[in-house]
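Chemist: Produce the complete structure using the sequences and hints provided.
2 protein chains.
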Amino acid sequence: MKHNFGAGPGILPHEVLKQASEAVIDFNGTGLSLLEISHRSKEFEAVLDEAVLLVKELFGVPEGYSVLFLQGGASTQFALAPYNLLPSTGKAAYLETGVWANKALKEAKFFGEVEIVASSKESNFTYIPKDYTIPADAAYFHITSNNTIYGTQLQEFPKSPIPLVCDMSSDIFSRKVNVADFGLIYAGAQKNMGPAGVTLVIVKDEILGKVDRKIPAMFNYQVQIEGGSMYNTPPCFAIYVSMLTLRWLKAKGGVEVIEQENITKARVLYDEIERNPLFKPVCATEDRSHMNVTFVMENAELEKPFLKLCDERGIVGIKGHRSVGGFRASIYNALPITSVYALIDVMQEFAESNK
Amino acid sequence: MKHNFGAGPGILPHEVLKQASEAVIDFNGTGLSLLEISHRSKEFEAVLDEAVLLVKELFGVPEGYSVLFLQGGASTQFALAPYNLLPSTGKAAYLETGVWANKALKEAKFFGEVEIVASSKESNFTYIPKDYTIPADAAYFHITSNNTIYGTQLQEFPKSPIPLVCDMSSDIFSRKVNVADFGLIYAGAQKNMGPAGVTLVIVKDEILGKVDRKIPAMFNYQVQIEGGSMYNTPPCFAIYVSMLTLRWLKAKGGVEVIEQENITKARVLYDEIERNPLFKPVCATEDRSHMNVTFVMENAELEKPFLKLCDERGIVGIKGHRSVGGFRASIYNALPITSVYALIDVMQEFAESNK
Numbered sequence: 001m002k003h004n005f006g007a008g009p010g011i012l013p014h015e016v017l018k019q020a021s022e023a024v025i026d027f028n029g030t031g032l033s034l035l036e037i038s039h040r041s042k043e044f045e046a047v048l049d050e051a052v053l054l055v056k057e058l059f060g061v062p063e064g065y066s067v068l069f070l071q072g073g074a075s076t077q078f079a080l081a082p083y084n085l086l087p088s089t090g091k092a093a094y095l096e097t098g099v100w101a102n103k104a105l106k107e108a109k110f111f112g113e114v115e116i117v118a119s120s121k122e123s124n125f126t127y128i129p130k131d132y133t134i135p136a137d138a139a140y141f142h143i144t145s146n147n148t149i150y151g152t153q154l155q156e157f158p159k160s161p162i163p164l165v166c167d168m169s170s171d172i173f174s175r176k177v178n179v180a181d182f183g184l185i186y187a188g189a190q191k192n193m194g195p196a197g198v199t200l201v202i203v204k205d206e207i208l209g210k211v212d213r214k215i216p217a218m219f220n221y222q223v224q225i226e227g228g229s230m231y232n233t234p235p236c237f238a239i240y241v242s243m244l245t246l247r248w249l250k251a252k253g254g255v256e257v258i259e260q261e262n263i264t265k266a267r268v269l270y271d272e273i274e275r276n277p278l279f280k281p282v283c284a285t286e287d288r289s290h291m292n293v294t295f296v297m298e299n300a301e302l303e304k305p306f307l308k309l310c311d312e313r314g315i316v317g318i319k320g321h322r323s324v325g326g327f328r329a330s331i332y333n334a335l336p337i338t339s340v341y342a343l344i345d346v347m348q349e350f351a352e353s354n355k
Numbered sequence: 001m002k003h004n005f006g007a008g009p010g011i012l013p014h015e016v017l018k019q020a021s022e023a024v025i026d027f028n029g030t031g032l033s034l035l036e037i038s039h040r041s042k043e044f045e046a047v048l049d050e051a052v053l054l055v056k057e058l059f060g061v062p063e064g065y066s067v068l069f070l071q072g073g074a075s076t077q078f079a080l081a082p083y084n085l086l087p088s089t090g091k092a093a094y095l096e097t098g099v100w101a102n103k104a105l106k107e108a109k110f111f112g113e114v115e116i117v118a119s120s121k122e123s124n125f126t127y128i129p130k131d132y133t134i135p136a137d138a139a140y141f142h143i144t145s146n147n148t149i150y151g152t153q154l155q156e157f158p159k160s161p162i163p164l165v166c167d168m169s170s171d172i173f174s175r176k177v178n179v180a181d182f183g184l185i186y187a188g189a190q191k192n193m194g195p196a197g198v199t200l201v202i203v204k205d206e207i208l209g210k211v212d213r214k215i216p217a218m219f220n221y222q223v224q225i226e227g228g229s230m231y232n233t234p235p236c237f238a239i240y241v242s243m244l245t246l247r248w249l250k251a252k253g254g255v256e257v258i259e260q261e262n263i264t265k266a267r268v269l270y271d272e273i274e275r276n277p278l279f280k281p282v283c284a285t286e287d288r289s290h291m292n293v294t295f296v297m298e299n300a301e302l303e304k305p306f307l308k309l310c311d312e313r314g315i316v317g318i319k320g321h322r323s324v325g326g327f328r329a330s331i332y333n334a335l336p337i338t339s340v341y342a343l344i345d346v347m348q349e350f351a352e353s354n355k
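The listed protein sequences derive, respectively, from chains P and G. Going by the UniProt record's numbering, the first sequence opens with residue 1, and the numbers climb by one from there. Going by the UniProt record's numbering, the second sequence opens with residue 1, and the numbers climb by one from there.
Watch out, some of these pointers could steer you wrong.
Intra- or inter-copy, both count: the list cannot distinguish identical chains.
[As the list claims (entries may be wrong)] Below, simulated BS3-like cross-link-like pairs (lysine-lysine); rule was C-alpha separation at most 30 Å, straight line:
id, residue 1, residue 2
1, K214, K130
2, K42, K304
3, K308, K42
4, K103, K42
5, K2, K252
Rather than coming from a laboratory, the hints here were simulated on the basis of the structure.
Modeler: So, in structure tokens, the structure goes:
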């Protein structure tokens, strides 16, 4: 039994993996693998339709928004957001809360002017800046809802006078969000929604078509909307596994239910980090992520023996990102609370033997 | 038993599907699914490294070329080729041999001037134009090696004084190619190489870096080369299945062996189409594809009953594309010759009962 705390591609529900494995051999009794059927077949079209419907239902997507399943990861969206939304004579506003936010704003500079409204770079991104003004004359305001590397998360979204664009790659479907407050939401699937290879995009239709730049077909949200995510062959398997994961989430009771589970998992783990004399948290209390729990050791020499003990106990993926050090326990939707307790047990056992 | 003649996503070898199915549950004895391990893990890095090596070995990729596994399909490469290779004051030359070639050249127009050196559009693309001059002052010459919809294929590649760019989506790894004759080769995986969701790019390093346009990271071949196809999270599963398919091809004896099999499969099928009084071929004899065999009926009223009989005999995916009509039997690498004989049997049975 492995406890998968990896930061992503991350843990998926066991029953999803079982169904996905079966579909690779025989998809829905067709006698063919899901990997070798046409994306234009009625069987695959039903998968895509259900995936779109589940996103709308689970996330409460209102009328006037389109749901897309695209390729290229959030990093491609870093470019597509300004490609589609930022006039070449305009500017875009960015909140810099980590390396990924920084990569996003760098891509925007290819298309127009960028204003960084606030940054926590000087503290190595251990908190979310809150004291800033969103420029009303910018084309959009870009935020990163959860910062995987540092373990910070926007617990409240800013009220924005301009379209709010949000990279939700590492916390989508982990908590209730009012989609109507956003102009564009995008997320690589490989944390909470499915495997690597597909990216969810939720876009408010009325914010599109306002730049006069010519946009190649594959980079044009309007073309992708018209094509129903099938302007060209979509990543069928990754969409199918995402659909299964969304089905699993619905069967669990939806986003509200998983949000409570995530709060509990985060709370018991942060409590242990606070309580355990060997460990300490990294981030500002009010900005701590419910998805990626970062912590370090008071005595860095104990890091290696702790990782060794974790490995022996089947706890994988908790080594921290090199830019933060220490540890990072990613506790995505599919991670059961029993795995969190398994980690806490190891932390306590290790503290006992290192008094 | 199904005989899968689908045009793509197309048939994959049974043993590949079996291994892929197992890896979705437990990848190489890690106790974790391939879908939930880090792309930076040594286990996945070994997969990507092997996939790159197999491409180089099986396709004879010389020194000075980079092999990439990207996302977005060939349609994304339609834009990335000119993005990276066509100066805004320059022009690119295109051979128009079908709808996909046409889509490719339309994307190039976003970036510079386009010269169509020849086209078979007036005959609905039933042949490959051969009498043309490649302009020596163009940045590159773009061709489509196999035209899936129409069933035509370049049996010989043109000698080009400028970098030759080729969309090989529907015949890559089906025949020996002298890679040194090309500047850029790209191919969506979902015909001969793997599942939908990954695109192979083989690019000659020295043709890059010659446009002064600024290119967003994800669209920049040089950035992807520096990142070793891992500038961001790659489509891990699609790469894994492609690697397994390339391993299968190597075990069979490589491209030379499969090329002979493909010639045989195509020959027996075209022979039957020529011989059978109910059917006739669509394309010019010398340009007939060894991958997608198109044919129509002398009497179009028999089309539906023939498709019905095919369906009863487990023959799937042979309905022709709407722009050609009739039938299209895609006989990709993984399709066994026994399936071709199964189709021929049905053609003969149908002809017997419709004398």
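Chemist: State for each hint whether it applies.
Modeler: Hints versus structure:
1. K214 / K130: neither (36 Å within a copy, 33 Å between copies)
2. K42 / K304: Classified as between; 19 Å across copies, 52 Å inside a copy.
3. K308 / K42: between (50 Å within a copy, 17 Å between copies)
4. K103 / K42: between (39 Å within a copy, 25 Å between copies)
5. K2 / K252: within (22 Å within a copy, 37 Å between copies)
Checked against the numbered hints above, the structure breaks only hint 1 and satisfies the rest.
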